[in-house]
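> Input sequences plus hints: build the corresponding full structure.
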Amino acid sequence: MIEQPAMVKICDIREESPLVKTLFFESSMNFIPGQFIMVWIPMVDEKPFTVSSIQKNLLGISVLKKGTFTDLLHQKRIGDTIGIRGPYGNGFHLQPELHSCVVGGGIGIASLATVIDTLPKITIIQGTRTASEIIYRKRFTDMRFCTEDGSLGFRGTTVDLLEDIVKKQQFQKVYTCGPEKMMFKIVELCKKHHIACEVSLDRYIKCGFGICGQCDCSGQRTCVEGPVFTIPELNTMEDFGRVALLKTGERVDVNNHRQLSYISIDNAK
Amino acid sequence: MIEQPAMVKICDIREESPLVKTLFFESSMNFIPGQFIMVWIPMVDEKPFTVSSIQKNLLGISVLKKGTFTDLLHQKRIGDTIGIRGPYGNGFHLQPELHSCVVGGGIGIASLATVIDTLPKITIIQGTRTASEIIYRKRFTDMRFCTEDGSLGFRGTTVDLLEDIVKKQQFQKVYTCGPEKMMFKIVELCKKHHIACEVSLDRYIKCGFGICGQCDCSGQRTCVEGPVFTIPELNTMEDFGRVALLKTGERVDVNNHRQLSYISIDNAK
Amino acid sequence: MSKLNLSVRVGNIQLRNPTILASGILGVTKALLKRVAENGAGAVTTKSMSKEPREGHKNPTVITFEAGMLNAVGYSNPGIEKAAREFADIQDVGVPAIASVIGTHKEDFVRVVEGLSGTHFSAIEIPLSCPHTPGFGLLAGQGTPQATFEITSAVRKVTELPLFIKLSPSIPEISTIAKAAEDAGANAITAVNSMGPGMIINIEAQKPILDYKVGGVTGDALRPIATRCVYDLYEAINIPIIGTGGVSTGRHAIEMMMAGASAVGIGTGVYYRGIDVFKKICEEISQWMRENSISDINTIKGAAHD
Amino acid sequence: MSKLNLSVRVGNIQLRNPTILASGILGVTKALLKRVAENGAGAVTTKSMSKEPREGHKNPTVITFEAGMLNAVGYSNPGIEKAAREFADIQDVGVPAIASVIGTHKEDFVRVVEGLSGTHFSAIEIPLSCPHTPGFGLLAGQGTPQATFEITSAVRKVTELPLFIKLSPSIPEISTIAKAAEDAGANAITAVNSMGPGMIINIEAQKPILDYKVGGVTGDALRPIATRCVYDLYEAINIPIIGTGGVSTGRHAIEMMMAGASAVGIGTGVYYRGIDVFKKICEEISQWMRENSISDINTIKGAAHD
Ligand SMILES: Cc1cc2nc3c(=O)[nH]c(=O)nc-3n(C[C@H](O)[C@H](O)[C@H](O)COP(=O)(O)OP(=O)(O)OC[C@H]3O[C@@H](n4cnc5c(N)ncnc54)[C@H](O)[C@@H]3O)c2cc1C
Ligand SMILES: Cc1cc2nc3c(=O)[nH]c(=O)nc-3n(C[C@H](O)[C@H](O)[C@H](O)COP(=O)(O)OP(=O)(O)OC[C@H]3O[C@@H](n4cnc5c(N)ncnc54)[C@H](O)[C@@H]3O)c2cc1C
Ligand SMILES: Cc1cc2nc3c(=O)[nH]c(=O)nc-3n(C[C@H](O)[C@H](O)[C@H](O)COP(=O)(O)O)c2cc1C
Ligand SMILES: Cc1cc2nc3c(=O)[nH]c(=O)nc-3n(C[C@H](O)[C@H](O)[C@H](O)COP(=O)(O)O)c2cc1C
Ligand code: FES
Ligand code: FES
Numbered sequence: 000m001i002e003q004p005a006m007v008k009i010c011d012i013r014e015e016s017p018l019v020k021t022l023f024f025e026s027s028m029n030f031i032p033g034q035f036i037m038v039w040i041p042m043v044d045e046k047p048f049t050v051s052s053i054q055k056n057l058l059g060i061s062v063l064k065k066g067t068f069t070d071l072l073h074q075k076r077i078g079d080t081i082g083i084r085g086p087y088g089n090g091f092h093l094q095p096e097l098h099s100c101v102v103g104g105g106i107g108i109a110s111l112a113t114v115i116d117t118l119p120k121i122t123i124i125q126g127t128r129t130a131s132e133i134i135y136r137k138r139f140t141d142m143r144f145c146t147e148d149g150s151l152g153f154r155g156t157t158v159d160l161l162e163d164i165v166k167k168q169q170f171q172k173v174y175t176c177g178p179e180k181m182m183f184k185i186v187e188l189c190k191k192h193h194i195a196c197e198v199s200l201d202r203y204i205k206c207g208f209g210i211c212g213q214c215d216c217s218g219q220r221t222c223v224e225g226p227v228f229t230i231p232e233l234n235t236m237e238d239f240g241r242v243a244l245l246k247t248g249e250r251v252d253v254n255n256h257r258q259l260s261y262i263s264i265d266n267a268k
Numbered sequence: 000m001i002e003q004p005a006m007v008k009i010c011d012i013r014e015e016s017p018l019v020k021t022l023f024f025e026s027s028m029n030f031i032p033g034q035f036i037m038v039w040i041p042m043v044d045e046k047p048f049t050v051s052s053i054q055k056n057l058l059g060i061s062v063l064k065k066g067t068f069t070d071l072l073h074q075k076r077i078g079d080t081i082g083i084r085g086p087y088g089n090g091f092h093l094q095p096e097l098h099s100c101v102v103g104g105g106i107g108i109a110s111l112a113t114v115i116d117t118l119p120k121i122t123i124i125q126g127t128r129t130a131s132e133i134i135y136r137k138r139f140t141d142m143r144f145c146t147e148d149g150s151l152g153f154r155g156t157t158v159d160l161l162e163d164i165v166k167k168q169q170f171q172k173v174y175t176c177g178p179e180k181m182m183f184k185i186v187e188l189c190k191k192h193h194i195a196c197e198v199s200l201d202r203y204i205k206c207g208f209g210i211c212g213q214c215d216c217s218g219q220r221t222c223v224e225g226p227v228f229t230i231p232e233l234n235t236m237e238d239f240g241r242v243a244l245l246k247t248g249e250r251v252d253v254n255n256h257r258q259l260s261y262i263s264i265d266n267a268k
Numbered sequence: 000m001s002k003l004n005l006s007v008r009v010g011n012i013q014l015r016n017p018t019i020l021a022s023g024i025l026g027v028t029k030a031l032l033k034r035v036a037e038n039g040a041g042a043v044t045t046k047s048m049s050k051e052p053r054e055g056h057k058n059p060t061v062i063t064f065e066a067g068m069l070n071a072v073g074y075s076n077p078g079i080e081k082a083a084r085e086f087a088d089i090q091d092v093g094v095p096a097i098a099s100v101i102g103t104h105k106e107d108f109v110r111v112v113e114g115l116s117g118t119h120f121s122a123i124e125i126p127l128s129c130p131h132t133p134g135f136g137l138l139a140g141q142g143t144p145q146a147t148f149e150i151t152s153a154v155r156k157v158t159e160l161p162l163f164i165k166l167s168p169s170i171p172e173i174s175t176i177a178k179a180a181e182d183a184g185a186n187a188i189t190a191v192n193s194m195g196p197g198m199i200i201n202i203e204a205q206k207p208i209l210d211y212k213v214g215g216v217t218g219d220a221l222r223p224i225a226t227r228c229v230y231d232l233y234e235a236i237n238i239p240i241i242g243t244g245g246v247s248t249g250r251h252a253i254e255m256m257m258a259g260a261s262a263v264g265i266g267t268g269v270y271y272r273g274i275d276v277f278k279k280i281c282e283e284i285s286q287w288m289r290e291n292s293i294s295d296i297n298t299i300k301g302a303a304h305d
Numbered sequence: 000m001s002k003l004n005l006s007v008r009v010g011n012i013q014l015r016n017p018t019i020l021a022s023g024i025l026g027v028t029k030a031l032l033k034r035v036a037e038n039g040a041g042a043v044t045t046k047s048m049s050k051e052p053r054e055g056h057k058n059p060t061v062i063t064f065e066a067g068m069l070n071a072v073g074y075s076n077p078g079i080e081k082a083a084r085e086f087a088d089i090q091d092v093g094v095p096a097i098a099s100v101i102g103t104h105k106e107d108f109v110r111v112v113e114g115l116s117g118t119h120f121s122a123i124e125i126p127l128s129c130p131h132t133p134g135f136g137l138l139a140g141q142g143t144p145q146a147t148f149e150i151t152s153a154v155r156k157v158t159e160l161p162l163f164i165k166l167s168p169s170i171p172e173i174s175t176i177a178k179a180a181e182d183a184g185a186n187a188i189t190a191v192n193s194m195g196p197g198m199i200i201n202i203e204a205q206k207p208i209l210d211y212k213v214g215g216v217t218g219d220a221l222r223p224i225a226t227r228c229v230y231d232l233y234e235a236i237n238i239p240i241i242g243t244g245g246v247s248t249g250r251h252a253i254e255m256m257m258a259g260a261s262a263v264g265i266g267t268g269v270y271y272r273g274i275d276v277f278k279k280i281c282e283e284i285s286q287w288m289r290e291n292s293i294s295d296i297n298t299i300k301g302a303a304h305d
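Protein chains in written order, with numbering that gives the first Met the number 0: chain Z, 0 to 268; chain A, 0 to 268; chain D, 0 to 305; chain E, 0 to 305.
These aren't lab readings, by the way, just hints derived from the structure by calculation.
Bear in mind that the values here come from a model prediction, so they are computed numbers and not experimental data.
Be careful, since some hints might not be right.
Selected chain E positions facing chain A (Cβ under 8 Å, derived; list incomplete) [claimed, not checked]:
hint, residue
1, R53
2, E85
3, N291
4, S294
DMTMM-like cross-link-like pairs, simulated, lysine to aspartate or glutamate; straight-line CA separation at most 20 Å [to be verified]:
hint, chain 1, residue 1, chain 2, residue 2
5, A, K246, A, E232
6, D, K206, Z, D44
7, E, K279, A, E224
8, E, K206, D, D305
9, D, K33, Z, E2
10, Z, K8, D, E203
11, Z, K190, Z, D163
12, D, K278, D, D305
13, E, K81, E, E113
14, Z, K190, Z, E162
15, E, K206, D, E203
16, Z, K75, Z, E25
17, D, K33, Z, E224
18, A, K246, E, E37
Note that the Cβ used here is the ideal one computed from N, Cα and C, for glycine as well.
Okay, here's the thing in structure tokens:
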């Protein structure tokens, strides 16, 4: 665990799509898939990112360009440094023995990438608005795509596609990350079909280690008890699918995009 | 290592002589013979004492009544508590394979008691002013005594007795603790006869862990590099046998009793 | 041995045990306060609330170092209107809840306290002591006896709830300020807020780590200072003291109470030992009481004084 | 890469490296100062010397806790007459030696400095900041701009040696006081002395551990506070700063220098890492300089400022 930001040099950059870049750097942190780190740009800000690639001492984060901070990350060149601390959060409870499906909406697929690396027999669904937003096409050659505009794969949402697939093939577990409305519907679907499900929540992260309360979701700290929650946990969390806190602590509709665009791509309407 | 005083209950008290008591208490500290602890009486003071007895978790300190603090220690009853921290200092470098002699002057024998316990083949000399001051008579049945007034054993100083014995029996090492004048002469004797020698110095101890400088002896901290010093070390220490610091830091003659009575029994005149 | 009594009183509030969640730690939502209560806290304090919403400082706002924590959160809060809604049914928490109220001018404090009128808080806490938020606490000149007296008096007029004034360890003469609070009608003193401010620089980045550059120091580093403040206050004032600063074990809590605290605030301890630090501390206190044949925790209050 | 330069200047004194033994640590005898020099220190400071001899507080005078150290030594020293004799040939130490001078009234400082006339010290340091000795430092009202100006001016008149004024981290507005010292002719500021005071209670004994009850806090707990003081001072004054407080590694020393220090004082570090802490810190600084392609340590001074 690195408590104070350690400056690491970016040693490789991969353009995953026009809006997503993966930045690689050396670090010997030990990760459980689904955990996250806090990334610091001195004098600017510090924000949470999942580690999307773990290769020995080489770690990668996949960043969707969305606002000031992620824009600055996209401007980083090889040799530039960023500060990292972590890992934080609980990570997914991986059950390699189960037939599983991984469902990523938008940049949510980044949180699932190391899950995919780890589990032997899985079905992978990646959903975006349009074909150009799909990432990791070379990394994972056996993905099922769905796009809102139908420009690649299934036309519609990941929820629709999952529902389709589930009719033919019974999964024992679903791992998902993406817009909360999407995840909410996937959880409903899993409940209906008695499939175990783990979702990785997105809440405003401030301290990252459980002290500030900013990342609250119905009494659960996203940064400590989460970001990954199971269905039994979510059943007790009223705010799931409904409410998130702004930076001030104000409660807002988690699906209201003017206020809170945690994930810019919402294909789960 | 206990950094802050831990309160321990006195569970046994042995009267060793009219002026010396051994207080026993439970503690799991690990000791090297010759190391010392700081003994705290809350609201009174805190002073250094050698551990004179080590039996599993039962430790003992032998206290010579000399001034306010030691008087208060003598007033302690079974069940009373004292604070202890330590162990501090280096301790003796025990060489069980050598034919050794242990020379204790006055309460100095307390520092050597655990050495005697540890080494298999040793000659033990205990010197005091008079017979009633001799301690540990039952504990060590094979001691050679010397008293200034001749009331027990050899009449004269420990130095005289050691010189006598050395003529007949060649030692390879001498361990000694007592008045500095005595130790100084013993070191001279050992040098003459090419015997290794370790002495345990007595200097005013304040912090006990090497920060205050109060226990200086020619640049060596009695509490860290000492209290045990070897002949090569003592050879570089001009103050040995000559100078000690008062509580103010003032340099005084280590043998001047009005100023500094580290050991009240000086049989090495 | 008879049953142990861990319950204490602060002003007219009865707590089942002396541990109180300190302000600014987790107290953003009622749900989290409830969770803290379920984890054993005797009382809980909300994040400080101001008249208007505040985003606070940019991240990093909280970092740890080997001796504690440094924070400059900057009083982020949704403003009293929304906060009052969040905490409307605060009695659901199940233990006494303390509302932390901040402001720049004394009128602000009054407005915030008035804004809480529909809620069921058990007490109001007023920090006059933040070392790192412009417009508040020390940086608004609130760390003087006069300002303390004025603000306390103003709030005293508009609420019947017990009033706790929270002081800084970084001002000389904490007792003088506490006396001003007592004179103005405060029912308890919370001692202390974070100290400093302090700074930690990342030497590779060559920049202070906190975005606000400096922040208040809490945790182990603060404990001896907080203990001394409580000890001094105990001799200077007659109202109870909530000893806060670096308490993360039962021994620390006992130390604070022996210095004179009626109850202890716990903040950084949540980081050191987890959200169940309250339960752990109470268990450790109980065990120590059993070992030392003490049946009522209140008997150790102020024991370190002559 | 070319040879590393670790040497720095403080006022007109050249140090082979930026590590300075802080006052009150080991500096009781010339022999110990020499040993510290042999262990790598760039300069050494004596234990503070007063006009009359002082036994100091009773033991315990120094204790450690998880975040640092607490001390109330009480300025034990043999008085200037005997101290001047002890340090007569101070040049034997082999590195610049700084004489720490204390007093109650400004005349006392003058007398002590005059008493040092036969010695060969390289500078005089005047702590106006001790938090735990009646008659000295904060407890004698020396922590104000006026007192600082007066004492500094008085001493300035009787010595040509560089004059370092040592300040407390526990007073608001350290910069104002530093400016008063600068205006009165000080050549450097030593920032900082121990903070607090603080208190640690032994809960079994139910008593404060230090015999004086309270003592100054040093070590890790102090570092963020000291770093912030140095950072603030660097923007406020033009004379060099000796950054002191919690420095025990090369990284800490670099952090202090980036905050604005020209050199670093080391006290509690001797406990954390042994008497060769100076050598260790210099090695760590050198290694970091090599890794970061920095050849002259002076180039990092103040680097954390905008
Ligand atoms: C556990 C977790 C893991 C994440 N992993 C990734 C990832 O792997 N890749 C990726 O691209 N994004 C990830 N995010 C989201 C990422 O943190 C935000 O996209 C980023 O902070 C946006 O910053 P910005 O300045 O570019 O945009 P802004 O304009 O500041 O914000 C855009 C939106 O991002 C959200 N956001 C801003 N700051 C934070 C914050 N501190 N914490 C959470 N959300 C914030 C807000 O909803 C805001 O409306 C993750 C978030 C969480 C909580
Ligand atoms: C390493 C070491 C081990 C010791 N072990 C023992 C032991 O096992 N048994 C024993 O009886 N005594 C031992 N002593 C000596 C013991 O510390 C003193 O006898 C005791 O402190 C006297 O205190 P007092 O108040 O009774 O006498 P005081 O009247 O205070 O002093 C009598 C003399 O004791 C010496 N003294 C006082 N305080 C200290 C101090 N803090 N450190 C060193 N000397 C001091 C002074 O020379 C003083 O003149 C040891 C000393 C040292 C340095
Ligand atoms: C992250 C953080 C945020 C804080 N926010 C507040 C706050 O909003 N209001 C307040 O009065 N004190 C605040 N404090 C101070 C704490 O309430 C407490 O006084 C201080 O942390 C000392 O206690 P501790 O050492 O147990 O943390 C905050 C402390 C921390 C660490
Ligand atoms: C045991 C001890 C004794 C001290 N005595 C003095 C002193 O006599 N004069 C002085 O100016 N500072 C004294 N100080 C303060 C130190 O010089 C230094 O300013 C402080 O310890 C902070 O540095 P550190 O964290 O590296 O120890 C003392 C500190 C300690 C720990
Ligand atoms: S981000 Fe601070 S508690 Fe989760
Ligand atoms: S007693 Fe303090 S250095 Fe030895």
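> Indicate, hint by hint, whether the structure satisfies it.
Hints, verified against the model:
{"no.": "1", "hint": "R53", "result": "holds, 6 Å"}
{"no.": "2", "hint": "E85", "result": "holds, 7 Å"}
{"no.": "3", "hint": "N291", "result": "violated, 32 Å"}
{"no.": "4", "hint": "S294", "result": "violated, 34 Å"}
{"no.": "5", "hint": "A/K246 x A/E232", "result": "violated, 24 Å"}
{"no.": "6", "hint": "D/K206 x Z/D44", "result": "holds, 13 Å"}
{"no.": "7", "hint": "E/K279 x A/E224", "result": "holds, 19 Å"}
{"no.": "8", "hint": "E/K206 x D/D305", "result": "holds, 8 Å"}
{"no.": "9", "hint": "D/K33 x Z/E2", "result": "violated, 28 Å"}
{"no.": "10", "hint": "Z/K8 x D/E203", "result": "holds, 11 Å"}
{"no.": "11", "hint": "Z/K190 x Z/D163", "result": "holds, 16 Å"}
{"no.": "12", "hint": "D/K278 x D/D305", "result": "violated, 31 Å"}
{"no.": "13", "hint": "E/K81 x E/E113", "result": "holds, 14 Å"}
{"no.": "14", "hint": "Z/K190 x Z/E162", "result": "holds, 12 Å"}
{"no.": "15", "hint": "E/K206 x D/E203", "result": "violated, 44 Å"}
{"no.": "16", "hint": "Z/K75 x Z/E25", "result": "holds, 16 Å"}
{"no.": "17", "hint": "D/K33 x Z/E224", "result": "holds, 16 Å"}
{"no.": "18", "hint": "A/K246 x E/E37", "result": "violated, 26 Å"}
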